[in-house]
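**Q** Sequences are here, hints too, so could you generate the full structure?
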Amino acid sequence: MENTDLENLSISIQKIEDFSHSSQLPYPEDVKQMMLREEFPKLVQQLREAFENLKPKENVNAIPRKSAFPIRGTIRTT
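According to this note's numbering, the sequence shown holds residues 747 to 824 in order.
A portion of the hints provided could be inaccurate.
[As the list claims (entries may be wrong)] So the derived label-pair ranges between C-beta atoms look like this:
#1 ASP751 with GLU775: 35 to 43 angstroms
#2 THR750 with PRO774: 35 to 43 angstroms
#3 GLU784 with ILE757: 17 to 25 angstroms
#4 PRO774 with GLU798: 33 to 41 angstroms
#5 LYS778 with THR750: 28 to 36 angstroms
No wet-lab data here; the hints were simulated from the structure. Every residue, glycine too, gets a C-beta built ideally from N, C-alpha and C.
**A** Put into structure tokens, the structure is as follows:
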């Protein structure tokens, strides 16, 4: 995961939080509707793009390892 991807995701989240805060301010209703109609879809798209660019963290536990207790010989049945 690159730092720029995390930064883009963080910036997008910050913009949406700022937008959410600004929609609670005493703007005229037509300005709020314009913000919802025009700006919010852009913010959501930026967030989606930043999220899609994130690469999953490699699972270090998935590396095959040798057993700590190797089995030697065969199993006897009597």
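**Q** A separate judgement is required for each hint: does it hold in the structure or not?
**A** Consistency of the hints with the structure:
no. : hint                                   : verdict
1   : ASP751 with GLU775: 35 to 43 angstroms : holds (37 angstroms)
2   : THR750 with PRO774: 35 to 43 angstroms : holds (38 angstroms)
3   : GLU784 with ILE757: 17 to 25 angstroms : holds (19 angstroms)
4   : PRO774 with GLU798: 33 to 41 angstroms : holds (35 angstroms)
5   : LYS778 with THR750: 28 to 36 angstroms : holds (33 angstroms)
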